[in-house]
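I would like the entire structure built from these sequences, with the hints used as guidance.
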Amino acid sequence: MKRHVSFGQHSYSRAFPADESGDECGGEKTREQFGRRIRAIYHRFEKQVPVLRLRLGVGTAPFADSWFERGLPVHRYYLEEFLTLHAADIRGHCLEFQEDTYTSRLDPPRHPAQGQRQRIATRDVHRRPDKAKRPAQRHVRLHRLHLRSAPGLRFPVLHFGAASTAPAGRRAARRRAPHHDLLSTIRRVLAFHGRGAAACVGARIRPAGR
Amino acid sequence: MLAREFGPQGVEVVSYGNSLTAAGELRGLAACDFTKAELAFQDERYGLLLGARVVKSVSK
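Sequences listed follow chains A and B, in order. The C-terminal residue of the first sequence carries number 249 in the numbering used here, and the numbering is unbroken. The C-terminal residue of the second sequence carries number 1061 in the numbering used here, and the numbering is unbroken.
Hints listed in this document are in silico derivations from the structure and should not be mistaken for laboratory results. Just to be clear, a hint being listed does not mean it is correct.
Distance ranges between label pairs, derived from CB positions [said to hold, decoys possible]:
| no. | chain 1 | residue 1 | chain 2 | residue 2 | range |
| --- | --- | --- | --- | --- | --- |
| 1 | B | D1044 | A | E138 | 27 to 37 angstroms |
| 2 | A | R76 | B | R1005 | 48 to 58 angstroms |
| 3 | A | A100 | B | V1012 | 51 to 61 angstroms |
Remember, it's a predicted structure, so these values are computed and weren't measured experimentally. Glycine included, C-beta positions come from ideal geometry on N, C-alpha and C.
Here is the structure:
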């Protein structure tokens, strides 16, 4: 009795019938035939499919070690698509983490006076004090924030992602989750401005300690 | 989570990406390595990016 194994649109048993030894799976000879058929299919499509895409499933090393090395990262592509879709909301008071790339592009200043941007911040995000040399120093991580506003308004300094650690030798006294910090920041921005929606773009959250 | 903070009326969440673009992002591929059709296909099960538009209600 032949075993009927479906392989795509073709029948495995019809393409590779069982050999004389009676092995239902076809034995060594059938496996060689199967390998030849697969290699033939691979070589037929090899020139049509980019090599890079074929390598997607092979190996363990990434194609690029850092973002923007090969071009615009995929998540930035989607982010820009989302921001372009909601570009009408990006106006007035805007908060953008790190650089003011998207607020400048999506909401260019209409008047010279409105183009004022305040860079609120701050300190090196990644620098961590040497615990051995300065055991009593507390470590505070701050992200750079950008606040864009009409002239004459004053803004509080907003600390995003602040993580305080205890002196050396002890575990972190309190470490809040990144999404909690983000929500807290958005809530504080909304509470301060108090009208409409604040556009919060380009947030890139790093886990504490990096 | 956002609806709990801001109310369900003012929250709009959109998922972007699919399993192919998510795998490519992990492997270091860029947007130019995919076709527009591949990038435009949105699969909520394998979303690469979540976009949220949140509007604060006046009553809060």
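Results for each hint:
D1044 (chain B) and E138 (chain A) have their C-beta atoms about 31 angstroms apart, which keeps the hinted 27 to 37 angstroms range intact. Checked against the hint of 48 to 58 angstroms, the pair R76 (chain A) and R1005 (chain B) passes, with Cβ atoms roughly 56 angstroms apart. A hinted range of 51 to 61 angstroms for the beta carbons of A100 (chain A) and V1012 (chain B) is inconsistent with their spacing of about 40 angstroms.
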